[in-house]
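As they're listed, the protein sequences go chains A and B. Letter 102 of the first sequence, counting from 1, is numbered 102 in the working numbering, and no numbers are missing. Letter 53 of the second sequence, counting from 1, is numbered 53 in the working numbering, and no numbers are missing.
Hints should not be assumed to be uniformly reliable.
With the C-beta cut set under 10 Å, the calculated list includes, among others, these residues of chain B facing chain A [what the hints assert, rightly or not]:
{"hint": "1", "residue": "Leu44"}
{"hint": "2", "residue": "Val46"}
{"hint": "3", "residue": "Asp87"}
{"hint": "4", "residue": "Gln91"}
{"hint": "5", "residue": "Tyr282"}
Beta-carbon label-pair distances, calculated as ranges [as the list claims (entries may be wrong)]:
{"hint": "6", "chain 1": "B", "residue 1": "Asp25", "chain 2": "A", "residue 2": "Gln260", "range": "50 to 60 Å"}
{"hint": "7", "chain 1": "B", "residue 1": "Ile227", "chain 2": "A", "residue 2": "Gly103", "range": "30 to 40 Å"}
{"hint": "8", "chain 1": "A", "residue 1": "Asp90", "chain 2": "B", "residue 2": "Ile227", "range": "53 to 63 Å"}
{"hint": "9", "chain 1": "A", "residue 1": "Phe194", "chain 2": "B", "residue 2": "Glu33", "range": "39 to 49 Å"}
{"hint": "10", "chain 1": "A", "residue 1": "Glu109", "chain 2": "B", "residue 2": "Ile227", "range": "21 to 31 Å"}
{"hint": "11", "chain 1": "B", "residue 1": "Ser236", "chain 2": "A", "residue 2": "Tyr255", "range": "56 to 66 Å"}
{"hint": "12", "chain 1": "B", "residue 1": "Pro164", "chain 2": "A", "residue 2": "Ser183", "range": "52 to 62 Å"}
{"hint": "13", "chain 1": "B", "residue 1": "Glu231", "chain 2": "A", "residue 2": "Phe194", "range": "39 to 49 Å"}
{"hint": "14", "chain 1": "A", "residue 1": "Gly103", "chain 2": "B", "residue 2": "Gly152", "range": "19 to 29 Å"}
{"hint": "15", "chain 1": "B", "residue 1": "Ala29", "chain 2": "A", "residue 2": "Ile252", "range": "51 to 61 Å"}
{"hint": "16", "chain 1": "A", "residue 1": "Asp90", "chain 2": "B", "residue 2": "Ser228", "range": "56 to 66 Å"}
{"hint": "17", "chain 1": "A", "residue 1": "Asn268", "chain 2": "B", "residue 2": "Gly64", "range": "42 to 52 Å"}
{"hint": "18", "chain 1": "A", "residue 1": "Val86", "chain 2": "B", "residue 2": "Val232", "range": "22 to 32 Å"}
It is worth saying that the hints were derived from the structure and are not from the lab. For each residue, glycine too, the CB sits at the ideal point set by N, CA and C.
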Amino acid sequence: MSAKNNNNFDFKAARQRCMKFRRRILDISQTVVALHIAPAFSCLEVVDLIYHGLMRENSSAHKDAFLMSKGHGCMAQYVVLEELGVLSNDDLSKYCTPEGILGAHPDYETPGIEAATGSLGHGLSMAVGMSYAEKIKGADSAIYTVLSDGEVQEGSTWEAVLMAATFSTTNLVAFVDYNDFQSLGRTSETHPTFYPLTDKFIAFGWESVEVNGHNAEEVFAAVQQRKGDRPLMVICKTIKGRGVSYMESVPIWHYRAPNQEEYEQAINELKEISS
Amino acid sequence: MRNKFADTLYKCAVEDSNIAIVVADISPAGSMENFRQEFPHRFLNVGVAEQSMIGICAGMSLRGLQPFAYTIATFTLYRPFEFVRDDLCYQNLPVTIVGVGGGVVYSTLGGTHHCQEDVAIASAIPNMSVIAPCDPEEAEAATKYCAVQKNGPIYLRLGKAGEPSLTANADTPWEFGKIRYLQKGNDVCILSYGIIMKKSLEVAQALEKLGKSVSLVSVHTVKPLDISGIEVALSSHSEVVVIEEHAPSGGLSHRVKEVAWDMQASCKLHTFTLQDRFLHNYGNHDDLLAAHGLSVDKIVDGIK
Numbered sequence: 001m002s003a004k005n006n007n008n009f010d011f012k013a014a015r016q017r018c019m020k021f022r023r024r025i026l027d028i029s030q031t032v033v034a035l036h037i038a039p040a041f042s043c044l045e046v047v048d049l050i051y052h053g054l055m056r057e058n059s060s061a062h063k064d065a066f067l068m069s070k071g072h073g074c075m076a077q078y079v080v081l082e083e084l085g086v087l088s089n090d091d092l093s094k095y096c097t098p099e100g101i102l103g104a105h106p107d108y109e110t111p112g113i114e115a116a117t118g119s120l121g122h123g124l125s126m127a128v129g130m131s132y133a134e135k136i137k138g139a140d141s142a143i144y145t146v147l148s149d150g151e152v153q154e155g156s157t158w159e160a161v162l163m164a165a166t167f168s169t170t171n172l173v174a175f176v177d178y179n180d181f182q183s184l185g186r187t188s189e190t191h192p193t194f195y196p197l198t199d200k201f202i203a204f205g206w207e208s209v210e211v212n213g214h215n216a217e218e219v220f221a222a223v224q225q226r227k228g229d230r231p232l233m234v235i236c237k238t239i240k241g242r243g244v245s246y247m248e249s250v251p252i253w254h255y256r257a258p259n260q261e262e263y264e265q266a267i268n269e270l271k272e273i274s275s
Numbered sequence: 001m002r003n004k005f006a007d008t009l010y011k012c013a014v015e016d017s018n019i020a021i022v023v024a025d026i027s028p029a030g031s032m033e034n035f036r037q038e039f040p041h042r043f044l045n046v047g048v049a050e051q052s053m054i055g056i057c058a059g060m061s062l063r064g065l066q067p068f069a070y071t072i073a074t075f076t077l078y079r080p081f082e083f084v085r086d087d088l089c090y091q092n093l094p095v096t097i098v099g100v101g102g103g104v105v106y107s108t109l110g111g112t113h114h115c116q117e118d119v120a121i122a123s124a125i126p127n128m129s130v131i132a133p134c135d136p137e138e139a140e141a142a143t144k145y146c147a148v149q150k151n152g153p154i155y156l157r158l159g160k161a162g163e164p165s166l167t168a169n170a171d172t173p174w175e176f177g178k179i180r181y182l183q184k185g186n187d188v189c190i191l192s193y194g195i196i197m198k199k200s201l202e203v204a205q206a207l208e209k210l211g212k213s214v215s216l217v218s219v220h221t222v223k224p225l226d227i228s229g230i231e232v233a234l235s236s237h238s239e240v241v242v243i244e245e246h247a248p249s250g251g252l253s254h255r256v257k258e259v260a261w262d263m264q265a266s267c268k269l270h271t272f273t274l275q276d277r278f279l280h281n282y283g284n285h286d287d288l289l290a291a292h293g294l295s296v297d298k299i300v301d302g303i304k
């Protein structure tokens, strides 16, 4: 990946966008029975940065792509794609309805969606295949993907981690949304020997750093300062449900929509987030 | 058959720079070494990591390559099943997954290497096609088709090595989705596919000695099945025999019975398959087939 990313990335504007995105997701939550709010809020800053700060306009030399490996975080992707005009307001308003095209996991052939995910442990292998294909075709494309920390427990993820290093997919940048939660508890408690994660990826031949995943400056710097001679895994320390006090690190909000009162409280709490 | 696959894929790769092969620590011989040396970036060995073999093929296909995944049949379909289903079939990507040693070809390696339910499993997935050539020439034609088609995923069930040529006198060239008559008769029609065709031919010859006029048909494309072709076979013979190296459930036998019921066929219908059980036998391929009850004598006795 030789081309520069967006060096004029406006972090203040990004924080404002992410506040707007959280409001949009909360609004949608009032029209459906349930949705993955908290998993989207934990990776929102990273997804916004990928689209606005890292991915470049398509050209004859490259076609960058983002693949949401943690498919249940797709609300974060939908709201960014809406803001970019790839998805319409109508598309998001009809989320999970018979009239709509968007479901609770990214679906292949939906505008802006590279691949169908939702079953964990698939995205990284596909991203490796995409990166490799671009490389051998002589293209300068970069492939970005976001994994959940629970997903890193999948054996297939580690097959893909090994292959990325083996096949030198230096154009692959992956992020782990390290919010420390999976369905039955904290990942650091269910699998305490798994940490620190960076060491594991470095041992497999990746470059890996840990940053605050809600701080776009830190995430951006990690990508900009990479050596580039191997794939990069950015461990993004995040808070599940970040931005709404009663959702933060509370497992039930993995897949629940707030009631009217909770919704109003959430809206009132929204502010720019930088950590 | 695997050498013919390798020779053919190499020729396709010379013509088309999008052809790639991803193997999981098993590689065909033949021209695959040429492939590897001339197109090193299009020959990937993931090692013993079948899930990523399929996922990487999906990613390559999403970016315009035409990849083949290749390993022993059980490991190309069963081990990474959900990757085959979600990454290839759900997304309807034109990736060919090649299973070497379908059936009980790996006759000395035990039950872990027997692939006796693969046609049923692959056929059950939407978008998936299933091709099982009966000889090296059909393997060549099928590989050429897989190298250029853009319709969706294909499970290509191959034998191993040393299969005889059986299709020199076929009435039609190989065509995806169409059955072909290797010989035409009037009384009995044998429907078969894959490398057990050699035994099906022996059955045909044994029946001819008993005075019957026998058709022998290669149903190389098991999915999508050539329904109209099967209907003609059922209506133009007084006896139809299905011989397949596959479990009794979900294979060609079931499909032919469905077609026969739907058309109210009046012919006699006999089906011969592997048994619905795991065997702990060893020996050559014929020994394993015989242990499953698939010997020429038993089949002929079953028809008489």
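Consistency of the hints with the structure:
1. Satisfaction of the interface hint for Leu44/B is found here, the shortest Cβ-Cβ separation to chain A being roughly 7 Å, below the 10 Å cut-off.
2. The beta carbon of Val46/B is positioned within 10 Å of a beta carbon in chain A (closest approach about 6 Å), and the interface hint is therefore held.
3. Interface restraint check for Asp87/B: the shortest CB-CB distance to chain A comes to about 6 Å, inside 10 Å, so the restraint holds.
4. Among the interface hints, the one on Gln91/B holds; its C-beta lies about 4 Å from the nearest C-beta in chain A, closer than the 10 Å criterion.
5. Because the smallest distance between the Cβ of Tyr282/B and any Cβ of chain A comes to about 31 Å, over 10 Å, the interface hint for this residue is violated.
6. Look at Asp25/B against Gln260/A: about 58 Å separates their beta carbons, and that is inside 50 to 60 Å.
7. At about 34 Å, the beta-carbon gap between Ile227/B and Gly103/A stays in the expected band of 30 to 40 Å.
8. In this structure the hint that Asp90/A and Ile227/B lie 53 to 63 Å apart at CB is violated, the actual value being about 42 Å.
9. For Phe194/A and Glu33/B, the Cβ-Cβ distance of about 41 Å falls inside the hinted range of 39 to 49 Å, so the restraint holds.
10. The given range of 21 to 31 Å is respected by Glu109/A and Ile227/B, whose C-beta atoms sit roughly 29 Å from each other.
11. Evaluation of the 56 to 66 Å hint for Ser236/B and Tyr255/A yields a pass: the beta carbon distance comes to about 58 Å.
12. At about 55 Å, the CB distance of Pro164/B to Ser183/A agrees with the hint of 52 to 62 Å.
13. Between Glu231/B and Phe194/A the Cβ separation comes to about 58 Å, which falls outside the hinted range of 39 to 49 Å.
14. Checked against the given bound of 19 to 29 Å, the beta carbons of Gly103/A and Gly152/B, roughly 22 Å apart, stay inside it.
15. At about 57 Å, the beta-carbon gap between Ala29/B and Ile252/A stays in the expected band of 51 to 61 Å.
16. Taking 56 to 66 Å as the suggested C-beta distance range, the pair Asp90/A and Ser228/B does not conform, at roughly 44 Å.
17. Take Asn268/A and Gly64/B: their Cβ atoms lie about 49 Å apart, and the range 42 to 52 Å holds.
18. The supplied range of 22 to 32 Å is broken by Val86/A and Val232/B, whose beta-carbon atoms lie about 50 Å from each other.
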